Amino acid sequence: MRQALIAATAFALALATQPVVAQNKPAPAATAKKAAKPAAAAPVEEKDAATVEFEKFRTMMEESNPAELFEAQGEDFWKSIRGPKQVSLATSCDLGLGVGIVKGAYVQMPRYFADAGKVMDAERRIVWCMIEKQGFKEADIMKQPFASGSYTPEPTSLVTYVAANSKDMKFAVPLKDPRVKEVYEIGREVTNHRAGPYDFSCNTCHGADGKRIRMQNLPNIATPKGATTAVMGWPGYRMTGGVMLTQQWRMGDCFRQQRFPQPKYVSDTITSLLTYMTANANGATYKGPGIKR
Amino acid sequence: MDTLRRTVLKGASASGVLVAALAAGLLKPTQVLATEWNKVAFEAKDTPAAMKAVGAATAAESKDLKLTAPDIAENGAVVPVDVSSGIANTISISIFVDKNPNPLSAAFDFANGALPDVSMRLKMGQTSIVRAVAKTADGKFYTASKEVKVTAGGCGG
Amino acid sequence: MNATIRISILAAAMIAAAPAALADSDHRAKALAMMKQDFVTKGQATADRVSEDGLQAICNRTGNKPPEKIAQRLEADQMAAVKYPADGKLMGDWKAGEKIAQSGRGFTWSDEPGLPVGGNCYNCHQIAPKETSFGTVGPSLFHFGKLRGNTADMQKYVYGKIYNAKSFSLCSEMPRFGHIGALKEAQIKHLVALLLDPESPVNK
Amino acid sequence: MGSPMKIRAQMKGDVADIKILMAHTMETGQRKDPKTNQAIPAHFIQQFSVEVGGKAVVQSQTGPSISTNPVFGFKVKGAKAGDKVVVKWQDNKGDSRADEATVA
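Residue numbers (the working numbering), protein chains in the order written: chain A, 1 to 293; chain B, 1 to 157; chain C, 1 to 204; chain D, 1 to 104.
One thing to keep in mind: the hints can contain errors.
Cross-link-like lysine to aspartate or glutamate pairs, in silico, DMTMM-like; alpha carbons within 20 angstroms at most [to be verified]:
no.: 1; chain 1: D; residue 1: 12; chain 2: A; residue 2: 63
no.: 2; chain 1: C; residue 1: 30; chain 2: A; residue 2: 177
no.: 3; chain 1: D; residue 1: 75; chain 2: B; residue 2: 64
no.: 4; chain 1: B; residue 1: 99; chain 2: B; residue 2: 138
no.: 5; chain 1: A; residue 1: 79; chain 2: A; residue 2: 63
no.: 6; chain 1: C; residue 1: 89; chain 2: C; residue 2: 199
no.: 7; chain 1: C; residue 1: 36; chain 2: A; residue 2: 177
no.: 8; chain 1: A; residue 1: 56; chain 2: B; residue 2: 82
no.: 9; chain 1: A; residue 1: 137; chain 2: A; residue 2: 115
no.: 10; chain 1: D; residue 1: 93; chain 2: B; residue 2: 36
no.: 11; chain 1: D; residue 1: 19; chain 2: B; residue 2: 82
no.: 12; chain 1: C; residue 1: 36; chain 2: C; residue 2: 53
no.: 13; chain 1: D; residue 1: 12; chain 2: B; residue 2: 98
no.: 14; chain 1: B; residue 1: 45; chain 2: B; residue 2: 98
no.: 15; chain 1: B; residue 1: 39; chain 2: D; residue 2: 99
no.: 16; chain 1: D; residue 1: 19; chain 2: A; residue 2: 62
no.: 17; chain 1: C; residue 1: 36; chain 2: A; residue 2: 185
Some but not every residue of chain A turned toward chain C, in silico, with C-beta under 7 angstroms [unchecked claim]:
no.: 18; residue: 79
no.: 19; residue: 90
no.: 20; residue: 199
From chain D, some residues computed to sit far from chain B (all C-beta separations above 10 angstroms) [claimed, not checked]:
no.: 21; residue: 7
no.: 22; residue: 36
no.: 23; residue: 37
no.: 24; residue: 38
no.: 25; residue: 47
no.: 26; residue: 55
no.: 27; residue: 63
no.: 28; residue: 77
no.: 29; residue: 78
no.: 30; residue: 82
no.: 31; residue: 101
no.: 32; residue: 102
no.: 33; residue: 104
Source of the hints: derived by calculation from the structure; they are not laboratory data. In this text the structure is predicted, and so the values were computed from the model without any measurement. Glycine included, every Cβ here is placed at the ideal spot set by N, Cα and C.
Could you put together the complete structure from these sequences and hints?
Structural data, given as structure tokens:
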């Protein structure tokens, strides 16, 4: 919600700097005759000016994305001998393409892992490896799973490293695997599930094309285009607060705004949603860790 | 080896020695950088005071000093700013954000082939004029500015 | 959620009588069981929020398109539960209404319980023309009163719609602000004024 | 000791394009901890230097209004591929860090 409000202010400012456009806006009296619809059309055009400026700005940001710092940290974590069992992930963790293979692994997850007997998304798999292979305690990892202030959890850096190693590769969630397909279908049902005090589901906001909350555009996650928008740029460096955040965080914060209780970190529910969304983006090219407002 | 001219920043007297020592690999980074941080300039509450503290009380507007920044910043916590000087013999550049609690953001001295061209990212608490000041080897100051509209507080987090 | 809905028994009956809507029920059942396990209480967002109430269950099981007869029956049921102000006055202060419409606060795990809840209106609707940052999940409400007048019936309609949009359209995307106790009587009156008062910028 | 920097240096014509990413909180000293309502003390990089091929090319002083995880870009004429780039910073708490890269 805060994001929406901030975007709102941005837009108001954009208007203030565009006298020509603003003055050409049809006067309210004129729009009245044509009922409410034309009134809604004008601001959409004007929003584009702000959007264009923001996109320019975003491109400048992407040239040197602080996400790289976390990627480097993650690489260090991946290759170092760590944990109570004194083993490195590079020599023990299989992300689906063989032990230690990172290249291309991110865009092929979520996938089924026989050793865990579960479909897992990238972050969940990394956490699983840290617990099973390196001997870290689950409770310790669960204590503070998301970045805050100058604290960045290890799985966040690791998933940034793993994701960066799939840059410019195509999403290819193995939907042919019936176990993955099953989780995908369950994920679709999660997006349909209306509950909580406001009767919201994921689809209340993300189930139709061309909708927005305040000025925030809402991707329709059922479509390849919308799903691609939704999964692109994660994990992402968030300018607000200067922290690195992952898809696990993004899903949780959506549920917060949906007025739901909190989903557990690396739970089946999050994996099902990521399976549904990422598979819907299959074929699209992943651009690597991103930068978010 | 040329001396890095610490013109805008204080501690100028020590710099030649320091740079020589640094080049010779004699000092650890802590020691190298432990020159005097210009506390007066960085803690000044308004731009005129901060400019005065770096010796640039008067500066002429110059078209040859280019300051590139977005018209509207998507997020005040991260505003990309690029300053490049086409003024001959520019040896230092400093950046001020008028409406920030402490306007001086950074000051750079260039030497040994470094072009007077720097890009950085600033925090801006609110919509403000962003100002660049360039100093030339003969002690003259030039300035350029641009307003950047900010959509959310950067300093408040 | 405290607001109990008297339709859960009816919902169960309807679900049993609607086998066509059960095509995805296996995945849905698994999704429900999974979500019950995976969600935990945080702040005021208690774990039980993930469970459906009767109305939600019907909408969830029919893709938000319940059979007309059932929808009508249940809409009437919701309508009967709308509490109109005892003093009979439905229009408050549009200026106060504008403030409520702007606020998106309320009911998340990061909102402080007990603080006034916002109407979240601009999140989804265009309303007063001055606010150019509005959502498009719901229809534009600009010139709402100018186009429709502000008769007693219209006031009653708007009050009822804000109180419980589901009493007009069972699976409306709009929250049941009055029904669940999110917005109080005075707040709803202010919002009615924002939409219907001839002095409100909405109708200028 | 701080986390490693990321330094990229690439020749474009006869000018080396240098990009530096530093890992630092750059705390302004003006924020309050929402839980305790206590001011969070300022913590920011105050000085850094850049050397290319053994020569000091940039010396900088910075305040807390540089963004969290600072990013700087410089251009150095006369550098050549293979030159070593060394960046050193020091913050207001006396913490410091030095990292290097090679001009590509």
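Open item on the list: residue 36 (chain C) and residue 53 (chain C) were given as a pair; does the straight-line alpha-carbon distance stay at or below 20 angstroms?
Closed with: 14 angstroms, holds
Open item on the list: Next pair to validate is residue 99 (chain B) with residue 138 (chain B); report whether the Cα-Cα distance is within 20 angstroms.
Closed with: Violated, because 30 angstroms separates the two Cα atoms, which is more than 20 angstroms.
Task: Interface exclusion of residue 101 (chain D) relative to chain B, criterion Cβ beyond 10 angstroms - done: 15 angstroms, holds
Open item on the list: Does residue 90 (chain A) hold up as a contact with chain C if the rule is Cβ-Cβ below 7 angstroms?
Closed with: 31 angstroms, violated
Task: Interface-negative label, residue 102 (chain D) against chain B, beta-carbon threshold 10 angstroms - done: Its Cβ never comes within 10 angstroms of chain B, the nearest being 17 angstroms, so this holds.
Task: Verdict on residue 47 (chain D) as a residue remote from chain B, using beta-carbon distances over 10 angstroms - done: 4 angstroms, violated
Task: Hinted pair residue 93 (chain D) and residue 36 (chain B), Cα distance within 20 angstroms - done: 14 angstroms, holds
Open item on the list: For residue 19 (chain D) and residue 62 (chain A), compute the direct alpha-carbon distance and say whether it is at most 20 angstroms.
Closed with: With a Cα-Cα distance of about 13 angstroms, the restraint between residue 19 (chain D) and residue 62 (chain A) holds, given a limit of 20 angstroms.
Task: Least C-beta distance between residue 77 (chain D) and chain B, which was stated to exceed 10 angstroms - done: Its Cβ does come within 10 angstroms of chain B, the nearest being 4 angstroms, so this is violated.
Open item on the list: Hinted pair, alpha-carbon criterion (20 angstroms max): residue 45 (chain B), residue 98 (chain B). Please report holds or violated.
Closed with: 9 angstroms, holds
Task: Agreement of residue 137 (chain A) and residue 115 (chain A) with the hint, judged by alpha carbon distance not exceeding 20 angstroms - done: Answer holds: residue 137 (chain A) to residue 115 (chain A) is near 19 angstroms, not above 20 angstroms.
Open item on the list: Against the 20 angstroms threshold, does the CA-CA distance of residue 36 (chain C) and residue 177 (chain A) hold or violate the hint?
Closed with: 26 angstroms, violated
Going down the numbered hints, you'll see the structure goes against 4, 5, 7, 13, 15, 18, 19, 25, 26, 27, 28, 29, while the others check out.
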